[in-house]
Amino acid sequence: MAKKMKTEAKVIAQKLLADGIYDMWLETELAEDAHPGQFVGVYPAGKATLLPRPISICEVDRDKSAIRLVYRVVGQGTAEFTLYQPGDYISILGVLGNGFPLEKSEGKRVLLMGGGIGVPPLLQTAKELKTLGKAASVVSVLGYRDSQTFLREDFEKAAELVIATEDGSLGTKGNVIDAIKANSLKADVIYACGPMPMLRAIKTYAAENGMKAYLSLEERMACGVGACLGCICKTKDIDAHSQVKNARICTDGPVFDADDLAI
Amino acid sequence: MNTSVEIAGVKFKNPVVTASGTFGSGMEYSDFVDLNRLGAVVTKGVSNIPWEGNPTPRVTEVYGGMLNAIGLQNPGIETFVKRDLEFLKGYDTKVIVNVCGKSIKDYVDVVERLSDEHVDMLEINVSCPNVKEGAIAFGQNAKALTEITTEIKKHAKQPVIMKLSPNVTSISEMAKAAEAAGADAISLINTITGMKIDIHRRKFALANKTGGMSGPAIKPVAVRMVYEAAHAVDIPIIGMGGIANGDDAIEFIMAGASAVAVGAMNFHDPYATVHVIEGIESYMKQYGVEDINELRKIL
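Chains as they are written, first to last, in the working numbering: chain R, 1 to 263; chain E, 1 to 299.
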């Protein structure tokens, strides 16, 4: 794995995608080693802030040494990020975490399941699965609150796409699992990212239907590099590093085999 | 220019060490920092058996700093010795092991287990505010602090640093108690107990409700406490609390610290320890200071 670093990235473009959802392209050497499902820590410039904000990598353009971050404004730090203009520099820490195990797709029917701000990291996953071309089939199943969707066109280019909305304004009314059932989608492997209730439901659904699920988890983080033990998740068995049933989301994850988790 | 300092007979190449709990055992930060540059690595608190720590969320940012309630999760002394101490053998830096426990016996078990290991000093954690048993219970009244310090000194082969809590009425009284009970040095401050409420979700920001505050916002409190302790005792002090750069480190040294620890700022700047070392050197150059020890306790 490439050495981690804190570096200055140049903002190439930034735009509003949907309500409170922003889309920022950064030019950075970190693009070279970025893998789908990994993330970066983005530092607000404000003097009163301390911690990097973990944001998943939505897309990677290695030719242009660029990464795309699609993020939701959740507080003062992320609100500050929206002010950056092309040509500005922003501090990032990366590349962090393990990413999705794409090799598990070989010969398999794959579902990419994303909910809300868990959708972005699945885009690079979809693109690389297409390039690899080893999966038997790939379908993206994306869940949104309402018709304020984002990244739909990007996903349509990479794979077949199914949508679920909580209010039923688009696609299946309900969540991503409702959408799978409504469309009679069958699969062997699931790659998923989204809120914890969704991930729990996917873990159960996968176990009941004999599928393998790889879940990307989110938690409040401090160091982002595995030192502070701030962002742990509960594991089924004793973890080799911690010697207790805790794994570090930032370094052992964020992607875990659902069978290894006690969530 | 001399930046080396001596604490209880242990010589450090420079006064900059890591604050326990913010740097693991150095492994995770070795991607960023050449550990050979550091005065010492102070490892994350270790107990006799593995500890699970607290539920999440365990960390949250606050203005000028953060709150944590990790709850001293650690893999236990056996894994620590085999993995972490073995890793640190590869570096030319001093090793200070932070020790925690629920009872005096727990602490003594760890201290004894380390007696023949590659460890230069022991730092006894009697100040973690995030666990229900032990830790801060031994560090909030002078009698309890005297008792645990005396007992650990009976069993410890390495010099003993007692890590003090700022959550006390008189830091001077606690420093004196540690010194009288035989501590070779003291380190301060551990985090300040705080709380944050998420008004949108109407919940505590941390699962533990309270957490220890660290970061630049607590620095003036820490400097004041180091100053008071330095004027109360003769044993050396490792000062910490919000140190972000060389100037901050110099401030602690002038207040009376022999060495300084970089903590929460490692999360903001993974190169922070090296930046502090470089900042100290550039201050010394600017003011023609030949020996860092000249600056200690000048006020």
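It is worth saying that the hints were derived from the structure and are not from the lab. Predicted model only: the values in this text are computed from it and were never measured. Misleading hints may appear alongside valid ones.
[What the hints assert, rightly or not] As a list, the in silico DSS-like pairs of lysine-lysine whose alpha-carbon atoms are at most 27 Å apart: (1) E:Lys-82 - R:Lys-234; (2) E:Lys-153 - E:Lys-105; (3) E:Lys-105 - R:Lys-245; (4) E:Lys-105 - E:Lys-132; (5) R:Lys-3 - E:Lys-105.
Status of each hint after checking the structure:
no.: 1; hint: E:Lys-82 - R:Lys-234; result: holds (24 Å)
no.: 2; hint: E:Lys-153 - E:Lys-105; result: holds (13 Å)
no.: 3; hint: E:Lys-105 - R:Lys-245; result: holds (25 Å)
no.: 4; hint: E:Lys-105 - E:Lys-132; result: holds (17 Å)
no.: 5; hint: R:Lys-3 - E:Lys-105; result: violated (41 Å)
Comparing the model with each earlier hint shows a violation of hint 5 alone; every other hint is respected.
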